[in-house]
Amino acid sequence: MTAPVSYLDYNASAPLLPEAAAAMTATFALMGNPSSVHRAGRAARAVIEDAREAVAALVNVTPAQVVFTSGATEANGLALVTGPVTASAVEHPSVLAWAEAETIGVDADGVIDLPALDNRLREFPPAVVALMLANNETGVLQPVVDAAALAHGCGARLHCDAVQGPGRVAVDFQALGADTLSLSAHKFGGPKGVGALILRPGLELPAVIKGGGQERRRRSGTENLAGIAGFGAAALTAGAALKDAPRIAAVRDAFEARLADQAPQARVLGQGAARLCNTSCIMLPGVSAETQLMRLDLANVLVSAGSACSSGKIAPSHVLTAMGASEADFKCAIRVSFGPGSTAADLDTFFSAWMPLALTAAA
Amino acid sequence: MSVLNSMGFAKPPPATRIVVAMSGGVDSSVAAALLARDGYDVVGLTMQLYDVGAVTAKSKTCCAGQDIYDARRVADRIGMPHYVVDYETTFKTDVIDKFADSYVRGETPVPCIMCNQTVKFRDLFKAAKDLGADALATGHYVRRIMGAHGPELHRAVDPGRDQSYFLFATTRAQLDFVRFPLGGLEKPAVRALGEELGVHVAAKPDSQDICFVPDGRYAETVKRLRPEAARRGEIVHVDGRKIGTHDGVIHFTVGQRKGLGAGGEAEPLYVVRIEPETARVIVGPKAALMEQSFALHGVNWLGDEAAPGGDGRAVIMKLRNTHTPITGTVFGDGAGTARVVLDRPEAAVTPGQACVFYDGTRVLGGGWIARGGASQPVSLNLKRAATASA
Chain V
167 MTAPVSYLDY
177 NASAPLLPEA
187 AAAMTATFAL
197 MGNPSSVHRA
207 GRAARAVIED
217 AREAVAALVN
227 VTPAQVVFTS
237 GATEANGLAL
247 VTGPVTASAV
257 EHPSVLAWAE
267 AETIGVDADG
277 VIDLPALDNR
287 LREFPPAVVA
297 LMLANNETGV
307 LQPVVDAAAL
317 AHGCGARLHC
327 DAVQGPGRVA
337 VDFQALGADT
347 LSLSAHKFGG
357 PKGVGALILR
367 PGLELPAVIK
377 GGGQERRRRS
387 GTENLAGIAG
397 FGAAALTAGA
407 ALKDAPRIAA
417 VRDAFEARLA
427 DQAPQARVLG
437 QGAARLCNTS
447 CIMLPGVSAE
457 TQLMRLDLAN
467 VLVSAGSACS
477 SGKIAPSHVL
487 TAMGASEADF
497 KCAIRVSFGP
507 GSTAADLDTF
517 FSAWMPLALT
527 AAA
Chain E
3 MSVLNSMGFA
13 KPPPATRIVV
23 AMSGGVDSSV
33 AAALLARDGY
43 DVVGLTMQLY
53 DVGAVTAKSK
63 TCCAGQDIYD
73 ARRVADRIGM
83 PHYVVDYETT
93 FKTDVIDKFA
103 DSYVRGETPV
113 PCIMCNQTVK
123 FRDLFKAAKD
133 LGADALATGH
143 YVRRIMGAHG
153 PELHRAVDPG
163 RDQSYFLFAT
173 TRAQLDFVRF
183 PLGGLEKPAV
193 RALGEELGVH
203 VAAKPDSQDI
213 CFVPDGRYAE
223 TVKRLRPEAA
233 RRGEIVHVDG
243 RKIGTHDGVI
253 HFTVGQRKGL
263 GAGGEAEPLY
273 VVRIEPETAR
283 VIVGPKAALM
293 EQSFALHGVN
303 WLGDEAAPGG
313 DGRAVIMKLR
323 NTHTPITGTV
333 FGDGAGTARV
343 VLDRPEAAVT
353 PGQACVFYDG
363 TRVLGGGWIA
373 RGGASQPVSL
383 NLKRAATASA
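Chains as they are written, first to last, in the working numbering: chain V, 167 to 529; chain E, 3 to 392.
Since the hints were derived computationally from the structure, they do not count as laboratory data. These figures come from a predicted structure and were not determined experimentally. Hints are not guaranteed to be accurate.
Distance ranges between label pairs, derived from CB positions [as the list claims (entries may be wrong)]:
#1 V:A415 - E:G41: 28 to 36 Å
#2 V:G377 - E:K94: 30 to 38 Å
#3 V:D279 - E:D78: 40 to 48 Å
#4 V:L525 - E:T280: 53 to 61 Å
#5 E:R346 - V:P451: 45 to 53 Å
#6 E:R226 - V:T487: 47 to 55 Å
#7 E:A175 - V:P451: 41 to 49 Å
#8 E:A175 - V:E422: 38 to 46 Å
Under 8 Å between C-beta atoms, here's a sample of chain V residues computed to sit facing chain E [what the hints assert, rightly or not]:
#9 M460
#10 R461
#11 D463
#12 N466
#13 L468
#14 D512
Note that CB positions come from ideal geometry on N, CA and C, so glycine has one too.
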């Protein structure tokens, strides 16, 4: 049974790009340790530095500013471990884990309350302000430039979790005014388990994983060669893929138009704000996200809801809660996220599986 | 018309979607594997019922215990879709709280029946329907047999494993939709099938006791939920003598002999009655335990003919899961309560337990044993009842 699968979960992970797969496969022939002096070591080292240049170009920085990590969770930790951290209420758990318990709220569309941030910074200036580029559940873009100005005004750094950005929106480290920024390869076609922390020139942060002194002593341990090679290849493609963003936006907008037409009781959360081109967080009153996900999966349509914990049960979304959604609401919200592989045909598959639920609930 | 498949549907197994309630244990895993082997469109659902960390008083985690992990791995191996459904809230309200309340009322509850009635056959039932399933299968050892008047519920082939007692409250609509693939198998055969089908939990020990009560310490669990239930009180002999004190009625069940601190008595004493209002535990000799008539509430009837009325219906019944069946007559009022008159007096008729009616192997229904002979919800035809039992 090989029924066509509509993969509409790019915000969770994007399919591996063929370019990334090829770059990774090529590294399996490299026997050397990148730290070794001999030619085999140099060959491996060259792969890492090529990738570093590609990642640097993706976010408009110099290669020396790129630290490879095991992913964005580690990059966020590296950036925030020194704290104290003031964060928005809608950050990823790997940011919130380091933040003060009292976060900065968002409006009903999920955009951070900048005056509230300003007040907090005047009253209790932290070491770091953390604000994501775009929210993973809703796609809502955050005013990072403004937050950076506020942070710098009180002497704090600005950390930006930009995981959802590449390939969907321009990510310009300098233009954002960030001091640190985290990336994850697998959100835009690279492999899982590799990411990077971008640092402002001159900023030195304490290493957490110590040892051999790799990554300019910022992150020890023999490099994940295949992962980094795949990351670099994906970064090259993602930069070019930005021109595909309007097409993805058209698919997403067609999806939301059809939703409004066929299931008027459904709502798109965060629709009033500027969003990524690819994300739709939709709420179908009266039908649990659990049921929607299972029903869609059984029909080969793959989407997500909130943040699934390791048991597989769906935990209440802190993002939608922060946006003022009631428990009844966020229990019924799912996230549909499109990508370069998405077409109008995916919409047909989605609606043929999902509409029976909407019609039952409406009845 | 084409012949029916093994689950009773007139279509090929691949076109028949069966949702299997998978606990992560051997039985439901084998049930799933059997259905998958027969080609059904099998979907596994595992219920997240309580926070394992919170129950075992370890750190609170969002994560499930070993059982969900096991269920997922079994589904992986079978190659079937598997999902976790979160029923923590409803399990707390409909099972754990009711379990605690029942103890506080001086009863000895059977939470597994409450769970079957609510989260399993109401919520999971609905989830299965939402997924477009034709049937919901469980790993219960009980048989569903098609009779002249529709599906009937029967005891399992393996008497040592029979779980029909726990399913007395199954409604006709539920019975129509559920399937029990293991009812015709003996436990060793199920384990062997598990090995044969590559179900890697085949050697896992059977679950014991009540899932949300770690180490079988009921009183501790109830005390945590209902601190007032630990009120000290008196142990009083049926002849009126105060013979001691106790640390809360939750430590006692009707028929209990141990832990009464009644050493100096001439004959062994048993808990005869629990009076939670006054926190009194009434004890007496074995003779005081004997009862011949008691009331039921929440009565469910699965027989072909009308539910027992004032004229009564003779049945075989079990008053506890492990009870040797006895005979008696059920007098119903048609409104969910009934009075049972036993052919012979029986010791330790325990409020909170179920009284389940049988006709041979067939389950005819049952009800919950109510407290106190004094409050008799069924008054009709008691005189006749007394005559009938004479």
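Here is what the structure says about each hint:
1. V:A415 - E:G41: 28 to 36 Å: Because 44 Å falls outside the window, the suggested range is violated.
2. V:G377 - E:K94: 30 to 38 Å: violated (47 Å)
3. V:D279 - E:D78: 40 to 48 Å: Hint holds: Cβ distance 44 Å, inside 40 to 48 Å.
4. V:L525 - E:T280: 53 to 61 Å: Given a distance of about 57 Å, which is inside 53 to 61 Å, the answer is holds.
5. E:R346 - V:P451: 45 to 53 Å: Given a distance of about 58 Å, which is not inside 45 to 53 Å, the answer is violated.
6. E:R226 - V:T487: 47 to 55 Å: violated (28 Å)
7. E:A175 - V:P451: 41 to 49 Å: violated (26 Å)
8. E:A175 - V:E422: 38 to 46 Å: At 39 Å between Cβs, range holds.
9. M460: holds (5 Å)
10. R461: Interface hint status for R461 of chain V: holds (6 Å vs cutoff 8 Å).
11. D463: Since chain E brings a Cβ to about 6 Å from D463 of chain V, closer than 8 Å, the hint holds.
12. N466: Constraint on N466 of chain V not satisfied, violated at 11 Å.
13. L468: Cβ of L468 of chain V sits 12 Å from chain E, so the hint is violated.
14. D512: Because about 20 Å separates D512 of chain V from the closest Cβ in chain E, which is outside the 8 Å limit, the hint is violated.
When the structure is compared with the earlier hints, violations turn up for hints 1, 2, 5, 6, 7, 12, 13 and 14 and for no others.
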